[in-house]
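Trainee: Modelling step: build the complete structure from the supplied sequences, incorporating the hints.
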Amino acid sequence: MKSDKYEINELVDFLSIQLKAKERSLMYASPVSSKKEKYSYPRYDSSSEKINNSRCFSSKRFSSSDLISSEVKTKTNACIFCNEFHAVGDCNYALSLSLEQRKKILSKKVACFICAKPFHLAKFCKSKIVCTLCGKRHLSILCNQDNSVLKNNTHLNENKDDNNLLNENFTLANNLCSSEVYLQTLIVSVENNDLKHYVRSIIDLGSQRSYVSKYVADVMKLKCVGEQTVTHGLFGGLKRRENHKKYSIELRNTENNFSCNVEVMDQNKICTSLPKLKDPKNIEELKQLGIFASDICLNENLCLYENDPKEIHILLGADTAARLFTGEIKNLSPDLIAMNTKLGWTVIGRSRITENDSSSTLMSLLVNDVNISDLWRLDTLNINDPAENQSRKELEEAAKEHFERSVKRDNEGRYIVSLPWIHDHPPLPDGRKIAERRLNSCIKVLERAEKLVDYDDVFQDWQKEGIIEEVDPMQEIKQGQHFLPHHPVFKENSTTKVRPVFDGSAKERNTPSINDCLEKGPNLVELIPSLMNRFRVGKYGVIADIKKAFLQIGLQERDRPYLRFLWKDRGREGNIKILQHKRVVFGISSSPFLLGATLELHLKNAPDHLKETAQQLMRSFYVDNCVFSVNTKKELARFISESQALLSTAKFELRGWEHYPTEDKIEERQEDLKVPVLGLLWNLPKDTMSLDMQGLMKEDKGPTTKRKILSTVHRIFDPIGFSCPVTLEPKCLLQECWKLGLSWDAELPLLITERFKRWKMKLPKLNALQIPRCVREDFAEDSKLSIHVFCDASQSAYATCIFLRAESADNTSCQLIPARNRVAPLKKISIPRLELLSCTIGARLAKATISELGLEKIPIFYWSDSMNALYWIKRNENWATFVYNRVLEIRKLTNPEDWRHISGTLNPADLPSRGSNAEELVKSLWWEGPNWLRRPIEDWHVSETIPDFDVVNSEKRKTIVSVTNTTTEQLEYFSKVSSFRKMTRITAWIFRFYKNAKTQKKERKGGTLDLEEVEAAEKFILKQVQSQCFSGNEKLNLQTFLDSDGLLRVKTKISQRSDIPTFRFPILLPSKHAVIGKLIFEKHVELSHAGIQILMSSLRENYWILKSRKTIRQVIRTCVICQRYASRPLEVVSAPLPEDRVRDAYVFEVVGVDLCGPLYLKNKTKCWAVLFTCAVYRAVHIELVTSLSTDSFILAL
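FYI, in UniProt numbering the residues of the sequence shown are 1 to 1197.
It should be emphasised that the hints constitute simulated quantities derived from the structure, not laboratory data.
The structure presented is a predicted model; accordingly, all values stated were derived computationally and were not measured.
Ideal Cβ positions, reconstructed from N, Cα and C, are used throughout, including at glycine.
Incorrect hints may appear among the rest.
The list that follows gives simulated cross-link-like pairs (lysine-lysine, DSSO-like), each with its CA atoms no further than 30 Å apart [stated by the list, open to error]:
(1) K342 <-> K451
(2) K1019 <-> K1110
(3) K633 <-> K762
(4) K701 <-> K762
(5) K269 <-> K246
(6) K109 <-> K136
(7) K827 <-> K982
(8) K827 <-> K847
(9) K976 <-> K956
Taking CB as the label site, the calculated pair distances span [what the hints assert, rightly or not]:
(10) G679 <-> T905: 28 to 36 Å
(11) T905 <-> D308: 52 to 60 Å
(12) Q556 <-> E436: 55 to 63 Å
(13) R350 <-> S743: 30 to 38 Å
Mentor: In structure tokens:
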């Protein structure tokens, strides 16, 4: 009878749920065994409530809460040194101890010296922890470094500046000291074929797609089902396009009663490690509610992880989560709920526990866009892929169109521009808080340097000149505004000892800066090589700069509020004064573009009588620096005067003129006057160029790291490339560091450190390195000019260099123009391919150089010491993709007939491809060109190109073979004979008859057929088949050739093997032909009806059958014997057992009796065994009888 409240089966169901939850807790709380075992659940005795299972993992009896608390707190979060709940690296008590004391504690607690976790030794540790101090495999707190370093690192975040905080390479997390917030994490089972792993996952309704980490995709060997380019909308309105691979994975819950297929995209890292629920009260409440949360109850070591068991490797987005929610929710506390899904229970909300722990994480979508590869862009100028330039030019044109639409001029002739805002840029905050903080820091710095008054005078002068203006505080809040922080820069050698610099990149966390909201325009650094080449052409070099160039361009009034800043008169305390810029600001990312666009617009509108000078100026400006060269004194005077007159109409004042002294002012030369030009130093009296090594002379203390190597090598600024052999070695060292997987601030291995120190020790030798500024200084007017491009490659790099040669009646000289080298890719490629890459960048660099120097009409020679690369270039054949694409580009940029071969020992590009130290480079004088290049053309060492044809042909596309039916008729008996063997013997007898008919009776051959006759007949039949099927219309990727018998054979990959010719070069056969079917069937019978794979292997020894597997399968299906043995037997439904076999009975109550024998005994008598079989329990009893009589049988009963 049904109760008014509850039924007994509901109570039983509730108790069953509780017991199952407890059983799962006991099972998963134990450590994972190294062996694959089948664990059984512990059973509960209803009378004693004790666990009766000999295979239970622990003799101690736990409740679910005890097990969860012990596992989560004690084993995972409790510090091994102080037993508090925080990360080991954050333990202040451990930091106060010496390294020996820490190791002593670990030894007492039987803990690992690598990961500090208990119950295993270091030699068995599988952790992938990397020390942040030395880069070795152990925790930083167990490093041999001084404790002070660890303490400083522990409190590093407290002392960082706002900008430094923003430049940190955080993934998606920030450390907090607040209540932990738990997201919807759970553990699921991922299955793929025979692989099965538990993976920690998160349900994120803020994501439209689901993701899996690349680590899990690799371990699980997931099969890619496609690729997709996705635009990620990030926090703050930022957008990023990324290409992802797509996978289809099967997810199961831990109870294995629900599964679903999910389409996911790969991602390098989903997020940082997330915490688990550790509040004992909440865990106890979950237990009371009968809730089994897999992420809380399961042992975390069960999950697949890379470095930390708390890692998240699957993100289930809104595309998947909608079909997982069941709608069941349980309230644990006002800020914490448990939500049920088909994959298991999850917990979400805020915890009552407050602690400072590295596991306390705030999730956000802030990413760092800093790209280290941008630092290498200078090395690829003029040699990068043209496709990259094309896409970038489209963006530059759009920025210029916006400028031309908005620019105007005022009554004084000054240009007024507007800021180039990015369309739909994120909201720009006012930035006042950070501006006030930086203002206080700025004043303190000025007071310490006693430059506060000078700094204030600069602002007062700007205000008088109308560069800045004061803002009424009552009006500042009526419209959008932004405040720029500023700081002083001291230059004792300058006329202005201190000047303010504004920071347009300053921003608060998770907010954009003003530079993030503005278009940057074209990359002006790419102009440097072109300007340097034009600077080296003329006899007289000339440089100048525009006085306060940015401050000469006005801003439209609507943009001025976004360029405000704060100041206090003379630094006095009191009300802060608000100022705003009326001109373009130095420090804003778009300012160089606005200056360049303004100058270009002004020069395009120059008067007719100044058009020539305007064209020269358009090709000579880098931001506010003018760099040019002319050939005569008259041109020099005209260029200076007309340039000043032309730019003065736009309020630009060209000043600081420096040029190579003319003959009538030789006495004015100073002994060693050097002026900076585009990062290099120009020695005016000697008219030479050298490197600016001042920044490298300072001692740099501290450990050698990747960051230090990169910083050092980029202090050597050389747009010409005459020092590129020296800079190659540190680049190779950086590449080795990448292979080792070292972090930016980890101390490098001793071997790499010593190599870097030896390289840096010789850098001062570069001070003696000087090259002529003018590449045509010693050339006579009647000189015959020619350009020589040299290309070379080594295992570590590939390089190119270009020389200008001048031959006159009295003298022949040559000078280096540009040079470039690049490190070989991390993925190893062959030397011939690297040589082809060097030829590619040589062709690109030559095209750019010739265009910039205006030397299109002079002869050009391309040199390489690779015969294979030259063979590829000179022959327009169907090469493989890698070679074809580069050969195609080279042939477009150059004339293939201009390429010549040179010995490697005579190739000047050998030095930048192998690299050298500074001392070797100075002694080599390689920028003056090889000595043989100064000889007459007749004496040049030009060798014949004889490539390695095995290497050359390996880059060919496969030969095209076609398969079609032609009109050639086959012999009539081919279709009438049932087997290939009979067909061959008939053909052999026909050949014998034909030969015997043409010979005399005495010379005729008789008897049985010999092997030669049978083989000749077989070849004739196969040749007939080939002539019928292969005509050249359908394409196949195979390398084929005709042998001496006229048969078409395949050149396989094992053609170089020492083996029989038929195996190395099998006969090519079609797939659809009656003769081929008979050949396959005969082989099938010969091999005792073998299967497809065995038959393929046997036939492959002599024949290459197209679509062989499909063809063989079709032939085997026609075999009657195989089909008979492959047929399924008839299945008969078993009848139900009789009652005596299934009813409850005692043992041997229902029996079956039988006798076996006779058995012969030693006394030569016979006996028989009586078998009694229980029909119910299958028990067996045996008795012996000496005869088959009835009496003996009754006695046996």
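Trainee: Next, verify each hint and record whether it holds.
Mentor: Do the hints match the structure? See the list:
1. Among the hinted pairs, K342 with K451 is inconsistent with the structure: their alpha-carbon atoms are about 69 Å apart, more than 30 Å.
2. As the CA atoms of K1019 and K1110 are separated by approximately 24 Å, the hinted pair is consistent with the 30 Å bound.
3. At roughly 41 Å between alpha-carbon atoms, K633 and K762 are farther apart than 30 Å, so this suggested pair is violated.
4. For the suggested pair K701 and K762, the alpha carbons sit about 17 Å apart, so the restraint of at most 30 Å is met.
5. At roughly 15 Å between alpha-carbon atoms, K269 and K246 fall within 30 Å of each other, so this suggested pair holds.
6. Under the criterion of a C-alpha separation no larger than 30 Å, the hint pairing K109 with K136 is consistent with the structure, at around 23 Å.
7. In summary, the hint linking K827 to K982 is not supported, as the alpha carbons are separated by about 56 Å, beyond the 30 Å threshold.
8. With a C-alpha separation of about 29 Å, the suggested pair K827 and K847 falls inside the 30 Å cut-off, and the hint holds.
9. A hinted pair counts as satisfied when its Cα atoms are at most 30 Å apart, and K976 with K956 does not qualify at roughly 43 Å.
10. The supplied range of 28 to 36 Å is met by G679 and T905, whose beta-carbon atoms lie about 33 Å from each other.
11. One distance hint, 52 to 60 Å for the beta-carbon pair T905 and D308, holds here, with the actual separation near 55 Å.
12. A beta carbon spacing of about 27 Å between Q556 and E436 contradicts the range 55 to 63 Å that was offered as a hint.
13. The hinted range of 30 to 38 Å is satisfied by R350 and S743, whose Cβ atoms lie roughly 34 Å apart.
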